[in-house]
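Spelled out, the chains give:
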Amino acid sequence: MTDIAWIDKALASARPQAVAALLRYFRDLDLAEEAFQEACLRALRTWPDKGPPRDPAAWLIFVGRNVALDHVRRRAKQTALPDEDAISDIDDAEADIAERLDQVDYRDDILRLLFVCCHKDLPATQQIALALRVVSGLAVRQIARAFLIGESAMEQRITRAKAKVATAGVPFETPGAAERVERLTAVAAMIYLVFNEGYSASGEELSARVALCDEAIRLARLLLRLFPAEPEIMGLAALMLLQHSRTGARHDADGAIVLLEDQDRFLWNAPMIAEGLALVDKAIRHRRPGPYQLQAAISALHARAKTFAETDWAEIDLLYQALEHIAPSPVVTLNRAVALSRLKGADAGLDLIAPLAERLSGYFYFHGVTGALLMELGRNAEARIAFDRAIALANSAAEAAHIRAQLDRLHIDGAEGERKSKSGSARRPV
Amino acid sequence: MLYAILCYHSEAVVGAWSKEEDEAVMGRIAEVKTKMAAQGRLGPNLRLLPTTAAVTLKKSVEPPLVLDGPFAETKEQLLGLYVVDVASLDEALETARELGKANPGGSYELRPIGYYDPASPPAS
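Going down the list, the sequences are from chains A and B. In this text, residue positions in the first sequence follow UniProt numbering: the first is 1, and each later residue adds one. In this text, residue positions in the second sequence follow UniProt numbering: the first is 1, and each later residue adds one.
Next up, chain A with everything else stripped away, as it sits in the complex (with noise of 0.2 Å):
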């Protein structure tokens, strides 16, 4: 069946691949999109007669490559001969589409439209937004509401984007291992923060933003298809997979923050989970463990416990430290800490993190961190004081208002706290 809706998704499927072929042929960002553009018309035109094309990405490659020599070729008529350069390609226009498709070009060509678009000198948010444009295909104004910011404002960001892109310089010699590693990494990092714009989002922003995980997870996905024995992509994947699963569960009806120990695990996506942990052990398998494979084995052992009492705590210490040791970081104390306080009490848990004080005193997560210790260890009055700082920088208003609700258990059980520390004052271990 060749109905629009279907012709669609056959398009948006199609388009890195086609996108990322024809930015080869042109070395040209808005030249290749636009050959694409006026492939997709042609190709809505005449699919639905003829019917869709045995291998619709190599179809729309060949037109949208033709269409833009045509506009080359115009565009030269009325101005001057244009750079060597820009048509390199054009003299093998006429070789087999079919040899020219081969993995291997593809898989170049893709990571190298994914590469541009997490150039060094692009700020997170303009890499982001690039990639959603460029190789997702997203429409300015889609990518606009994720980004909750007004439609001209983000076409500017793009705009400004693809100049510094165009600027650089596209990198086009076929890269050499260390090249491709390389730009695998950057290309992760890139996909992972897709991600967390979406996965950091609540409230009202959440059904726009949702989309970006989703979205990020079909590029880990399109990417593994490219590289199937990468077990960092693999890790990448499962990551956000197992992250992403929790979603349904992550906040009640009213946008407030549920903690993983209070989520109801029947809202958690089995298919998600069952697919994060396929990856993972797959992952395991290559013994070449990464941050994003350790990352998603903590997750994976989150998803196992059928309730949060079975949780793994040991096993997640174990991968913090495997992790603090490859890529250390604060953060990733800061993580650990929790789950020691799990496995050997909150005390344990603000020993680790006392010596981060200073280096995280401007992280939400910190203090809140922090406070949720030194509450669960009766020290109320510090407990307030590390919840009042962790308000003071929350980055949402369901982060504020978690904490205000933290602090608002303080009151009630502070009272009653209070009460049973002045009588049981004399039985105080020391």
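No wet-lab data here; the hints were simulated from the structure. None of the values given here were measured: they were computed from a predicted structure. The C-beta atom is built at its ideal place from N, Cα and C for all residues, glycine as well. Among the hints, a few may not be true.
Per label pair, the in silico range of CB-to-CB distance [what the hints assert, rightly or not]:
#  : chain 1 : residue 1 : chain 2 : residue 2 : range
1  : B       : 45        : A       : 307       : 28 to 38 Å
2  : A       : 307       : B       : 84        : 22 to 32 Å
3  : B       : 45        : A       : 361       : 54 to 64 Å
4  : A       : 344       : B       : 88        : 21 to 31 Å
5  : A       : 267       : B       : 17        : 39 to 49 Å
6  : A       : 308       : B       : 88        : 30 to 40 Å
7  : B       : 104       : A       : 172       : 38 to 48 Å
8  : B       : 98        : A       : 123       : 45 to 55 Å
9  : B       : 7         : A       : 46        : 22 to 32 Å
10 : A       : 208       : B       : 26        : 17 to 27 Å
11 : A       : 411       : B       : 34        : 49 to 59 Å
12 : A       : 361       : B       : 20        : 43 to 53 Å
13 : B       : 119       : A       : 208       : 48 to 58 Å
14 : B       : 81        : A       : 288       : 42 to 52 Å
Chain A is fixed; fit chain B onto it per the hints.
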């Protein structure tokens, strides 16, 4: 007689369905399934997770080789399948190796299942 109906489609296209589109399709399928089940004609049916989650056990070599990704050869045909309940990929591989010893040659693709409906066992 029993028939297996094997589902083929572009993974990229189906993967690009929105949640709503996916649910709409599954809803329509559920209607058909309800009818088939009422007539006692529906056996186990399931939905596989993406090929990116698959590994392939090549058992034409000794010892069998584990490869990342789905079965990609076009010169061999799908001849059958097993559904097994395991705790991990390693357990699934162990099971596959055991089956492979009984039946060497060819390959097994191991792919996690996203949705499984055992339905009622077919009458015949």
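Residue 307/A and residue 45/B - C-beta distance against the hinted 28 to 38 Å
30 Å, holds
Range first: 49 to 59 Å. Now tell me if the beta carbons of residue 411/A and residue 34/B are that far apart.
Given range 49 to 59 Å: holds, Cβ gap about 54 Å.
Quick one: are residue 7/B and residue 46/A within 22 to 32 Å, going by C-beta? The hint (22 to 32 Å, Cβ to Cβ) holds, given that residue 7/B and residue 46/A are roughly 28 Å apart.
When you take the CB atoms of residue 361/A and residue 20/B, is the distance between them in 43 to 53 Å? 44 Å, holds
Notebook entry, point to check: Lying within 30 to 40 Å: is that true of the beta-carbon distance residue 308/A to residue 88/B?
Noted result: At roughly 22 Å between Cβ atoms, residue 88/B and residue 308/A fall outside 30 to 40 Å, so the hint is violated.
Between residue 307/A and residue 84/B, is the Cβ distance one that fits in 22 to 32 Å?
With a Cβ separation near 26 Å, residue 307/A and residue 84/B satisfy 22 to 32 Å, so the hint holds.
**Prompt:** Do residue 98/B and residue 123/A keep their Cβ atoms within the hinted range of 45 to 55 Å?
**Reply:** 53 Å, holds
| Is it true that the C-beta distance of residue 344/A to residue 88/B lies inside 21 to 31 Å, as the hint says? | Cβ of residue 344/A to Cβ of residue 88/B: about 28 Å, so the range 21 to 31 Å holds.
Can you tell me whether the CB distance of residue 267/A to residue 17/B sits inside 39 to 49 Å?
21 Å, violated
Can you let me know if the beta-carbon spacing of residue 119/B and residue 208/A is within 48 to 58 Å?
38 Å, violated
**Request:** Note whether the CB distance of residue 81/B and residue 288/A lies within 42 to 52 Å or breaks it.
**Result:** 31 Å, violated
| said: Against the range 38 to 48 Å, how does the distance between the Cβ atoms of residue 104/B and residue 172/A compare: consistent or not? | reply: Once the Cβ atoms are compared, 47 Å apart, the range 38 to 48 Å for residue 172/A and residue 104/B holds.
The structure fails hints 5, 6, 13, 14 (numbered hints given earlier, in ascending order).
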